[in-house]
Amino acid sequence: MSTIEHPPVALTIAGTDSGGGAGMTADVRAFAACGVHGSVAVTAVTVQNSLGVTGFHEVPVDVVAAQIRTVAGDMGVEAAKTGMLASREIIEAVVGACDAVGIGRRSAVGPGVPFVVDPVAASMHGSPLLADDALDAVRTQLLPRATLVTPNLDEIALLADVKVVDDASAREAAAALHAMGAAAVLVKGGHLEATTGRAQPECVDLLCLDSGEVHEFRSARLASPHTHGGGDSLAAAITAGLARGMSLVDSVALGKAFITRAVEHSYPLGAGHGPVRAMPM
Amino acid sequence: MSKTPPRALTIAGSDSGGAAGLEADLRAMTVCGVHGCVAVTAVTVQNSLGVSDVHLVPPDVVAAQVRAVVSDIGVGAAKTGMLATAGIIEAVAAVVDEVGIGRDPEQVPFLVDPVAASMYGEPLLADDAMDAIRTLLFPRAALVTPNLDEVRLLAGVTVTDRDTARTAADALHDLGARWVLVKGGHLHGSPEVTDLLSDGERIWEFAGPRIDTPNVHGAGDALASATCAGLARGLAMPDAVAYAERYIRRAVAASYPLGAGTGPVSPLWAVADWDRDV
Chain R
0 MSTIEHPPVA LTIAGTDSGG GAGMTADVRA FAACGVHGSV AVTAVTVQNS LGVTGFHEVP
60 VDVVAAQIRT VAGDMGVEAA KTGMLASREI IEAVVGACDA VGIGRRSAVG PGVPFVVDPV
120 AASMHGSPLL ADDALDAVRT QLLPRATLVT PNLDEIALLA DVKVVDDASA REAAAALHAM
180 GAAAVLVKGG HLEATTGRAQ PECVDLLCLD SGEVHEFRSA RLASPHTHGG GDSLAAAITA
240 GLARGMSLVD SVALGKAFIT RAVEHSYPLG AGHGPVRAMP M
Chain W
0 MSKTPPRALT IAGSDSGGAA GLEADLRAMT VCGVHGCVAV TAVTVQNSLG VSDVHLVPPD
60 VVAAQVRAVV SDIGVGAAKT GMLATAGIIE AVAAVVDEVG IGRDPEQVPF LVDPVAASMY
120 GEPLLADDAM DAIRTLLFPR AALVTPNLDE VRLLAGVTVT DRDTARTAAD ALHDLGARWV
180 LVKGGHLHGS PEVTDLLSDG ERIWEFAGPR IDTPNVHGAG DALASATCAG LARGLAMPDA
240 VAYAERYIRR AVAASYPLGA GTGPVSPLWA VADWDRDV
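Residue numbers (numbering that gives the first Met the number 0), protein chains in the order written: chain R, 0 to 280; chain W, 0 to 277.
No lab work stands behind these hints: they were computed from the structure. Note that this is a predicted model, so its numbers are computed, not measured. Keep in mind that a hint or two might mislead.
To be verified - A short list of chain R residues far from chain W (calculated; beta carbon distances all over 12 angstroms):
1. Asp-26
2. Val-70
3. Ala-178
What the hints assert, rightly or not - If we take Cβ atoms under 7 angstroms as the criterion, some of the chain R residues that face chain W in the derived model are:
4. Ala-31
5. Val-39
6. Leu-50
7. Gly-54
8. His-56
9. Val-58
10. Ser-265
11. Tyr-266
12. Pro-267
Don't be surprised by glycine CBs; every beta carbon is placed ideally from N, CA and C.
If we strip away everything but chain R, and leave its shape as in the complex, we get (with noise of 0.2 angstroms):
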């Protein structure tokens, strides 16, 4: 054995996508190439490919709790994510598992270990992954548990019937998502462009903290088609830099230089959307 200590354990809560773009498949790959044992709780199993989701199969409830149980138990969690939930059961049955192990701001036993919640409410083909009631669960029972939350604008819309379309309606729509409880709130700008038809040079993400400090961070808009799983990257990357210990600015730092250069060297896949790349290959 070349390793005593092992990397530190991050957990992603969600979905499979076929395609292997994204879903809990980019999320292992996104924690393996930022240093930490990805493991997993499957919500739902996806037929999916570059065009698309065109079916869908429910784990059961108490199986999606007993995954995050037996994790926890047994090799420990340094932080935790959620991506797809299909349902406000399966959200109910994720919020008492990770009370009862310690995974959130607010559990059974205490201020517990960073929770990255990000609200995946359609995949970016506009498919509905996420039923109406379960809207309502996201606001109630996750964010108040957020360490941090990741939305990118059209999911605002959804959670906080804000419209953002510039950096004021970017700072409103992250006070709207603290007063529901979350922590820290990051705001995606990647999608401005789409929604208010004004050219963007730049990607700005928006970081507010609940001190009220806010942290902004810009990258060159990059010009590729191939962004499918560029949302789970992003929260996977965060979520390995939290579980590395790093603090919550440095971590959305690495999320954004790794998903900048995950879209950098994304690649052509099927007749529709390809993937970013987590690692050169």
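Got chain R sorted already, so can you dock chain W onto it with the hints?
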């Protein structure tokens, strides 16, 4: 933007602990330069101590995943891991025929890793499923990669040395597989690990020192996935196996303890440079 890398498909179960199953497959494929796709057959509740529950994915959803991947993304090779039931095996056999994955040279190579039990001995396969692997999957396999326990279950041969390993390879070849890799890793007491590859006529031996670690969870999956990645990249069978043997030796050497039981082999050695850069 880069160019599209080779693609490979794993038809396998998920391991919540992230050490084995499709998680190990995805990491090995990525590290070996291949985009990994998945058809999930089962969701296991598992940690370093064992498997405490299994949720099966319906056979039609398993088949639909294979179809969605091959029709749009296309793959250069495919492998199986835990297939759990005869119903899932029947669905897999039918869909690989449909999409052109199989044993013949004009087909996409099909690697069958006949996972029968977890490394703790817990069955991952229903009783009638072993028969289905033998009769439905082996005749479609470009390569089968049993360990010694699986050799005994599938071919009724107990491997104790080089001669019995050859007898086993012949017996498995007779079941219909084009190539057979008999993995000697479970032959304890030997200072070397020797894996034997056969196409029914010729023999290749891959020998290396036994690495002293108890943390070998996911080693079989990683070896099969790296072989599958080699095939997807266009390597001939003996070269793909040789490539995977090099990969798994590094991964076993980099294994780490995790949890109270058996830790995993690690692909993380391969990402150290990438990690430093971020």
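Each hint tested on the structure:
1. Asp-26: Violated, because the least Cβ-Cβ distance between Asp-26 of chain R and chain W comes to about 10 angstroms, which does not exceed 12 angstroms.
2. Val-70: Not fine: 5 angstroms to the nearest Cβ puts Val-70 of chain R too close to chain W.
3. Ala-178: holds, 33 angstroms
4. Ala-31: The hint holds - Ala-31 of chain R has a Cβ within 7 angstroms of chain W, the shortest such distance being about 5 angstroms.
5. Val-39: Because about 5 angstroms separates Val-39 of chain R from the closest Cβ in chain W, which is inside the 7 angstroms limit, the hint holds.
6. Leu-50: Hint holds; Leu-50 of chain R Cβ to chain W Cβ min 6 angstroms, cut 7 angstroms.
7. Gly-54: holds, 5 angstroms
8. His-56: This hint holds: His-56 of chain R lies near chain W, its Cβ roughly 5 angstroms from the closest one there, short of 7 angstroms.
9. Val-58: holds, 5 angstroms
10. Ser-265: holds, 6 angstroms
11. Tyr-266: holds, 5 angstroms
12. Pro-267: holds, 5 angstroms
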